[in-house]
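Peer 1: Each chain is listed here by its residues.
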Amino acid sequence: MAQEKSEFLKGTLDMLILKVVAAGPIHGYAISQRIQQVSKDFFQVPQGSLYPALHRLEERDWLEAEWRDTATGREAKFYKLTRKGRTQLESEVLHWEKLTDAVALILRTAE
Amino acid sequence: MRWLRRFTQRALLEKRLESELQFHIEQSTESYIAQGIPPAEARRRAVLEFGGVERFKEECRETHWENQWDIVVRDFRFALGCLRKDRRFAFVAIFALALGIGASTAIFSVVDNALFEPFAYKDSRHLVTLHLRDLDQANDWRGLFLYDEFQEFQKQNDLFDSMVANLPEDVVYSAGENSLLLFGNYVTPGTFEFYGVAPYLGRSLAPADYEAGAPPVFVMRYKAWINKFGADPSLLGKTFRLNGVSRTLVGIEAPRFAWGGAELWMPRGPKEPKIIRSFDGRQYWGVVARIRPGVSTQQAAASLNIIAQRFSKIYPKDYPAHFSMEVASFAHIVVPPRFRRALYVFSAAVGLLLLIGCANVANLLLARATTREKEFAVRAALGAGRFHLIRQLLAESFLLAFAGGILGIFFAWAGVKTIAAVLPDFTIASETVIEMNGAVLVFALVVGICTVFLFGLAPSLKASRGNLEESLRDTGKGLSGVQGGAGARNIVVVAEVALCVTLLFTASLFVRSFVALQRVPLGLHTDHVLTARLPLPPERYKTGAQLNAFFRPLLTRLKSMPGIAYAAESSTLPPYGGIRSEVQVSGQSHTEKWYGLFQLCSEDYIPVLRIPVLEGRTFTETEVNDARQVAVINQTFQRRYFDKKPSIGQKIRLNELKDFPDAVKDPWFEVIGVVADARNRGLQEPIDPEVWVPYTVTGSAMRGILVRTTNDPAAMAKTVAREIWATDPSVAMAEPGTLDHFLDLFTFAQPRFALWIVGMFACMGLLLATIGVYSVMAYNTARRTHEFGLRVALGAAARDVVKMVLGQGLRLLTLGLVIGLVSSLALSRLITSELWGVSPHDPLALVGVAALLLLIGLLACWVPARRATRVDPMTALRYE
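Line by line, the protein sequences give chains A and B. Under our numbering, residues 1 to 111 are what the first sequence spells out, in order. Under our numbering, residues 1 to 880 are what the second sequence spells out, in order.
Some hints here could point you the wrong way.
[What the hints assert, rightly or not] If you anchor each label on the Cβ, the simulated ranges turn out as follows:
| no. | chain 1 | residue 1 | chain 2 | residue 2 | range |
| --- | --- | --- | --- | --- | --- |
| 1 | A | Asp69 | B | Ile37 | 22 to 28 Å |
| 2 | A | Leu94 | B | Phe402 | 45 to 51 Å |
| 3 | A | Thr70 | B | Arg55 | 40 to 46 Å |
| 4 | B | Ile390 | A | Thr70 | 41 to 47 Å |
Derived from the structure by calculation, the hints contain no laboratory data. Yeah, the Cβ is synthetic: ideal placement off N, Cα and C, and Gly gets one too.
Could you build the full structure based on these sequences and the hints that come with them?
Peer 2: Below you can see the structure in the form of structure tokens.
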């Protein structure tokens with residue numbers, strides 16, 4: 001089961017990251033905090049596993065990164081959505097909604 | 001440019017990755033501290049929640065394309081290690097792959113060059129040659145025609161687009177003191193347009209060159225220009241003294257233009273007077289035509305037959321009693337049709353070799369996959385992703401394919417070079433260039449490499465199918481494993497063995513035939529004999545007396561030299577005996593025509609070749625000098641035309657001599673001696689009746705010398721040449737060499753080539769079959785390791801296990817042998833024409849091949865069988 005959950009997570013994690021980053025430039029730690037906070041700790045994964053995903057999305061040109069100072073004066077890597085990433089997010093969200101609607105419909109009516 | 005910058009700034013990137021992750025941990029720590037947790041504990045929690053820093057770093061690096069290279073390198077290093085651990089497998093697989101690729105490419109290239117694309121001429125598929133066939137003798141009567149005949153054939157333009165002819169001629173090139181003999185061809189108008197090959201330098205012969213009174217010109221072959229004239233471009237436009245005529249060199253032909261095998265071509269218009277002297281004064285032209293599309297060769301032959309019928313009345317001597325014209329495709333003259341068929345069969349066999357090579361590699365890879373099933377299951381269980389496993393297997397396959405491919409290309413290259421080197425002259429058209437066929441090589445490489453990748457990935461497919469538990473539990477255990485796919489593998493082995501038997505059997509027939517050929521008693525001694533053809537300038541040597549004025553002093557001087565025992569003049573070289581003529585014998589009447597061969601020679605001919613004199617004597621020097629009409633005959637002549645009656649003192653008539661340009665008016669000769677039979681139509685044909693007469697009776701026909709030396713004959717060649725030029729500097733020495741060499745060139749070279757080719761096939765076949773048997777047996781025993789361990793643990797002796805494996809192998813071998821022997825016997829009919837002195841069902845060859853194959857096959861089974869017995873029962877049982 002553990003493996004299945006992680007496979008499931010991998011696909012959705014990308015979408016969640018894109019969604020979180022869409023709100024504006026944000027660094028890795030903040031992203032992880034935000035996901036945990038919003039998901040009410042549903043995603044119990046090592047925090048570090050966020051970074052390979054971030055790098056992968058950057059490699060695909062869905063995200064772009066910039067080093068700048070935080071409010072406390074520390075230098076950090078800030079991620080921001082590219083135009084390509086925005087399109088990707090929109091299509092993924094659309095796809096996800098269709099899927100959940102369909103599943104919800106089946107669960108409701110298949111009794 | 002981002003990618004470039006990233007590639008050059010890897011250290012910076014590495015530092016940034018580090019600080020990005022550290023930033024996260026620090027932030028996390030600070031937030032814990034803010035919650036009132038002591039700093040040390042806060043940090044511990046933050047690190048714990050984060051997970052393995054190094055692992056995530058590695059995963060981040062993997063997402064960057066520039067790091068893919070490192071991953072590839074790592075995979076390859078790992079693959080190399082795996083292959084190194086199993087060296088025997090790696091070598092056998094690479095070798096099998098390379099052999100399949102190399103052998104099939106080399107042999108296909110040669111066959112393709114020699115048979116399918118031998119000529120570089122325009123539209124060479126529509127080129128045909130003409131032959132006159134003797135219907136009573138089932139062989140060619142002649143493939144050369146008189147000029148009248150050619151002109152008449154040329155008029156049939158409803159059959160042929162165009163037609164040209166060439167006339168061979170020895171050309172003596174006089175350059176100051178020395179003379180050089182060149183092989184020339186007179187060609188008819190339109191020849192170079194006909195072949196459509198652009199010249200290398202200068203120009204080809206043009207229509208104006210053929211006009212009567214045009215300035216004499218000639219063109220040269222590329223090879224002669226390179227080899228004999230040092231590729232000197234300034235020769236163009238220079239004048240050469242050729243056969244007493246000054247001719248200007250106007251062009252060098254393209255490297256692959258070699259029509260008639262000539263070194264130079266001279267124009268010859270229809271109106272020029274006949275100045276050429278062939279052995280009987282008539283000119284015979286080789287004829288080539290371009291057949292009209294849509295006209296069949298049979299149709300063309302039928303029309304030509306009507307013309308030939310008419311000419312047979314005008315030139316009765318040139319036609320046999322029953323004949324027909326034959327029009328053959330150009331390819332026909334390259335390789336005789338019967339040998340062609342055998343070559344097609346061999347080509348098919350080569351294709352099979354490639355397939356079998358690939359099947360072997362597939363078997364080996366499957367065998368390896370089986371023994372590694374557990375390794376992969378364990379690795380998958382330990383968390384290696386499917387993609388990861390596939391990548392490593394791909395690396396392994398790539399290494400195998402790469403090594404096999406490189407070695408295969410080398411094999412192909414070496415094979416082509418070797419075949420081109422051993423290929424005797426005159427076996428294939430002189431236009432043919434033997435070189436590697438790129439398309440075939442690519443095809444073979446692709447087939448081979450695909451096999452490796454396809455079967456190399458097999459274990460990962462199995463491992464990634466997700467059924468790990470089963471793999472872990474059931475790997476290579478029990479009898480059940482033997483069943484899976486065994487049928488297909490066994491069929492491959494049986495097919496390999498059968499093919500190998502067929503190839504080996506064919507090869508051994510060729511060996512036996514070749515040995516038989518070399519054992520043919522010649523009836524004469526060819527050792528220590530130096531020969532040379534001496535084309536004499538025709539304008540000065542017209543009569544027998546003029547010839548004698550050259551040869552007599554030369555022969556006397558040669559004989560007086562140390563190291564020379566005998567020297568003789570001769571008109572042809574043994575074992576090919578002389579000029580064909582109708583003969584008559586006094587006092588004998590017969591309805592059918594009698595034929596025999598005759599030689600124009602000097603008194604020492606018989607002693608030079610050490611032919612035993614049976615009755616009477618040979619001629620004396622005086623008889624030769626006086627051109628007395630005396631004759632020595634061979635035993636076959638005596639037996640066939642005199643029967644048991646005494647021949648000495650009887651008279652025979654050589655009708656052909658009457659028609660020579662320098663005719664013998666009354667060609668009756670008195671028989672003075674009978675000598676033992678010696679081969680006179682080559683080694684394979686029966687001996688013909690033969691007559692020797694003094695060479696001085698006529699000035700016509702080609703001449704040469706035979707010199708018997710006491711030491712190495714080749715060492716005397718220079719001395720002999722010096723004596724010839726001392727006698728007459730305008731005489732060139734043509735084709736000097738030892739008689740043994742001549743014999744080898746014209747008699748043994750072709751069968752030796754066939755032997756070589758077939759031998760190569762057979763060796764490949766044997767090697768591949770051995771590898772095939774080995775790989776399948778190795779696979780089968782590897783699968784049964786557990787079973788063998790169990791058997792040994794239950795008390796079976798090692799001997800029993802070996803016996804079991806050998807028994808299984810023997811069954812496959814025997815089946816293959818039987819199929820192979822049956823098909824060999826069926827197929828050997830196809831090569832009957834290439835065999836001599838051995839039955840196509842030779843029992844010795846059959847038994848030998850069967851024994852050899854059984855022996856090698858059992859050896860190939862024995863190696864894995866031995867390995868199976870060495871397994872410690874405890875290890876084998878734990879092997880799960």
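Peer 1: Give a verdict on every hint.
Peer 2: How the hints compare with the structure:
1. A:Asp69 x B:Ile37: 22 to 28 Å: 26 Å, holds
2. A:Leu94 x B:Phe402: 45 to 51 Å: 46 Å, holds
3. A:Thr70 x B:Arg55: 40 to 46 Å: 26 Å, violated
4. B:Ile390 x A:Thr70: 41 to 47 Å: With a Cβ separation near 42 Å, B:Ile390 and A:Thr70 satisfy 41 to 47 Å, so the hint holds.
In summary, the one numbered hint that this structure violates is 3.
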